[in-house]
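Colleague: Protein chains in written order, with this note's numbering: chain A, 1 to 416; chain B, 1 to 159.
No wet-lab data here; the hints were simulated from the structure. Not one of these hints is a red herring.
Here are the in silico distance ranges between beta carbons for each label pair:
1. A:T188 / B:H96: 28 to 38 Å
2. A:G222 / B:D73: 50 to 60 Å
3. B:P72 / A:S62: 34 to 44 Å
4. A:T184 / B:M20: 34 to 44 Å
5. B:H96 / A:S223: 12 to 22 Å
6. A:M201 / B:M40: 52 to 62 Å
7. B:E113 / A:P330: 22 to 32 Å
8. A:S62 / B:H96: 20 to 30 Å
9. B:H96 / A:P207: 29 to 39 Å
10. B:L127 / A:G186: 18 to 28 Å
11. B:Q21 / A:V75: 27 to 37 Å
12. A:T272 / B:F25: 21 to 31 Å
13. B:Q21 / A:S114: 18 to 28 Å
Since the model is a prediction, treat every value here as computed from it, not as a measurement. Backbone N, C-alpha and C define an ideal beta-carbon position, used for all residues, glycine too.
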Amino acid sequence: MSRKVCVIGIGHTDFNSITPDVEWKELMYESCQKAYVDAGVDPRRDVDSFITCAEDYLEGFSIFDEFVPDQIGAVLRPCCTVCGDGLYGLGTAYMQIKTGLMDVVSIESHSKISDLLTMGDILLHAFDPIFERPVTGPVERPWYGGSPEYPKEDPKPLVGSTKEKQRVHPYFLAGMEMQNYLSTTGTTEEECAEVVVKNKMNAFFNPLADYEAKISVENVMGSEYLFSPLKKLDISPNVDGAITFVLADERTARDLGADPIYLSGFGWSSETPWLSTRGMFADYATKASQMAYKMAGITSPRKQIDVVEVDDRFSYKELQHLEAIGIARPGEAGQMLMEGELARDGTIPTNMSGGSLGIGNCFEATGMQKALEIITQLRGHAAKRQVSDAKVGLAQAWRGIPSGSGAVAIFERGGA
Amino acid sequence: MTFLEKQTDPTTPMHWNGDMQADYFYSNGVAGDKFFKHLMKKDTFLASMCPECGVVFIPPRLYCEDCFCGIPDENWVEVKAQGVIRTNTTAMMDAHNEPLEEPVVMALIEIDETDGAMLGRIKTDMLGMDLTGMMVKAKLRPKKEREGTMKDILYFEPY
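Here chain B stands alone, though its shape is the one from the complex (with noise of 0.2 Å):
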């Protein structure tokens, strides 16, 4: 320390408490508000292909990053709500570092007839293990219920 006044009682020192208020309303984009505005209707997800390139992007976007063009409304797909999981892990804590009430399994699964791949949690008994491969399936809620959010998508499942 390069101070000569230092703090030598653990007892004294002193804090603020201080609370950062951060809340957002989050555009989905014209991408975003397509693939949900469907998700409300059907039981499908859409896709979006570079015409260049041929990669087919799910989350859907508007433009491709490896070509860097943009992606024009008749290169959108409709695809099923399943895919494998490519990677995915056992969490047993929580944002706040307390012990989550029931693990939750969290997974990357690429959907089928894309490139891509979307974060979903897995319901199964299969805790702690390496389930690369298996081929899940979307929960989604009811139509009626849908609000045009990921909270659609209640978990994947195998089938």
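This is chain A alone, in the form it adopts within the complex (with noise of 0.2 Å):
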């Protein structure tokens, strides 16, 4: 199959804490039509699919997928949501230009996080019912104006030690994986420090980041101990927006006269759901990235490489992840660090978007908050943070707590 698979368009919202004023379908939209005019396509005639990538949970929804297509011009058009990160989206798009199905196929992804009170019970909704679930304390039913047979005085425990009153967040999970790695790696806790420190700087150049913040290494290792050893500045922030890629074959991206950015290296992968056989190392990312290097033809990922996005939800995960999709040796991401490589003028460029921690997390639009940045930096687009002479960029998705899964994708400037 000689088809070229390319970004022709991208669109995206503001992102904001809070966004009170609108409702998600109008983030949609936004994106959506940003990412139309940009592509230079109409969606009720050009665009031949549509995917959108979310997870009922966190929407608030059950059956999602049947609340999408007026938002994004794809009534009674083909349209399908992907449960899981936008990444994995970018991957089905890929493969229905590919194999020739279709021409021009967008896909969309989006947190409206702010709208769900209760993130803590659904987050460890995602934990296994029988025997880890329990071990997190009771649920209660805590008081939002719903369940008038529950009330704040006498919430109703339906699961946990009877002796527990609290169920413990499920970020717990990080704090574990975090000790983990410190202790097997020797990184320590002010490199992963840094990793706030960095990715809070850069996002101000980024327009697109709601955290940017100029602190010290000190500020984040005198913040609050939340899951010991990870602290709360460790910890990115929630942020609400919407992001939306028009994807062409070759062909069709130069009659339609775009500026293509090619996807020349897709991969994917998920771990077992267990804590008890599951490895500790972004086992995920490795094979996402093994797959992803072998059809973008990539040997040296840190020669080859220009500029790179990561998963930053937690700290530790960015260079956790550098690590694992071979860009650091094992071990070596904080020293690296430290050292300046992972700068703007540095040998691997990483996070220049600001990542998680600077622009906050996006759940499930975070893969392509990762992908939009090297979009942007491939095009030359990324003003102050500009990466000079990028060609080739990586997208690394991770699916959040309490998740193995991820995706690794390859995008190249000027022919794959």
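Using the hints, put the two standalone chains together into the complex.
Modeller: Here it is as structure tokens:
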């Protein structure tokens, strides 16, 4: 199959910690409209297939895909929802185009996480219900105006040890994994804090970012231990926003006069869900990157890739992911960071966008945020954060706590 | 924003307060039932060993995730309710972002004589510390109070 697949349009909303003025459909409409204008396509005529990526529970809907077509221009058209990170939608679009089934495909993912009042409970719902979830503690029904049969004074405990009154936040799992990462690699808490400092500083140069800050390692180290060794500032705060891409085959891209960025490699992998037998070194990212490298013909990622965006929803994750995808040798990402190699003028600029620590955690749109930055960099549109002569970029996605799934996409400028 | 009309008065945006009722009756399954029915009578755990690769699973399963083969009845083994901490954390925040009344030490415990691990709470005053490698054993409810759920394991404690 010789068809090449490229990104011909990108669109996104502003990213904000809360968005009480708009509904999630309006966010989606905005990012889609911008992407269609950027690509020069009319969705009702030119887009052959529409993909959204969302998780029912995070959205607050059952059968979320039924709520999709109208706000993305997909009514009575081929449309589907991938229950996963946006990067999985990118892979699905790639396959639809590569096979010749479709010529132009749009992919959307978003976060309206501020609508979700019980995020901790929802994420705990992703733990094994028999052996793991009960250990986190009882379900208490918080009083947000619903369920009058369980008033605030007398919430009904459903699971968990009868002696426990409170339920542990699901991010405890990141604390456990971080401790394992630090003790097995020799990476320090200070090096993880340096990731936060770097990414929040990078975010100053990205108008999309909502959590830019000028802070020091001492500020991070002095922030509250929430899940030791994970501290408050090691955790990316939540943000709302939507991102849309338009993909097309090379010929259609040329006909549309687009400035194409080629999707030259893609891979994905899922770990076992069992904490019992799961590795703690982001093996999902290793496998996904190997698949993507093979497809893109990359044999020496550190030399061949110019700019990288990896999932950094917890500070240590940036370092762990860089090692998992072969950009850093095991245990050496922290050292690379301290030596300035991950900076804009370093050997492998990483998370120039500000990452999730600087932009915010946009949940299922996180992988798209990474890819959006890579496309912006390869287009040469990244202004003050532009990496010079960026030709090949990598975006890596992780599905977040408590998952062990992820994807990697390689983009290239000017022909793959 | 791609709309001509926008909300400009911050005091006016409205909302509907939704509530998603989502209660379930999760079946333990064949392997889970076997584990918990055993735990109601004994102070040990049951694990299951893959007949092809020899990996011993706990929590036990009816199949091996590596070999993708079934695990027969004769491959179930009884193991001590104790193990070694693989990694741990001290949690300070509850699921609703409020401080926990008491910090909770959560750990993954590699159960002796198995290749698996169980999630558990650790009873210790060593808060905020790396307890990797610590030997711990399960504190179980008195047998007459056991109900065949994870609640029967009250916590793990050093020994």
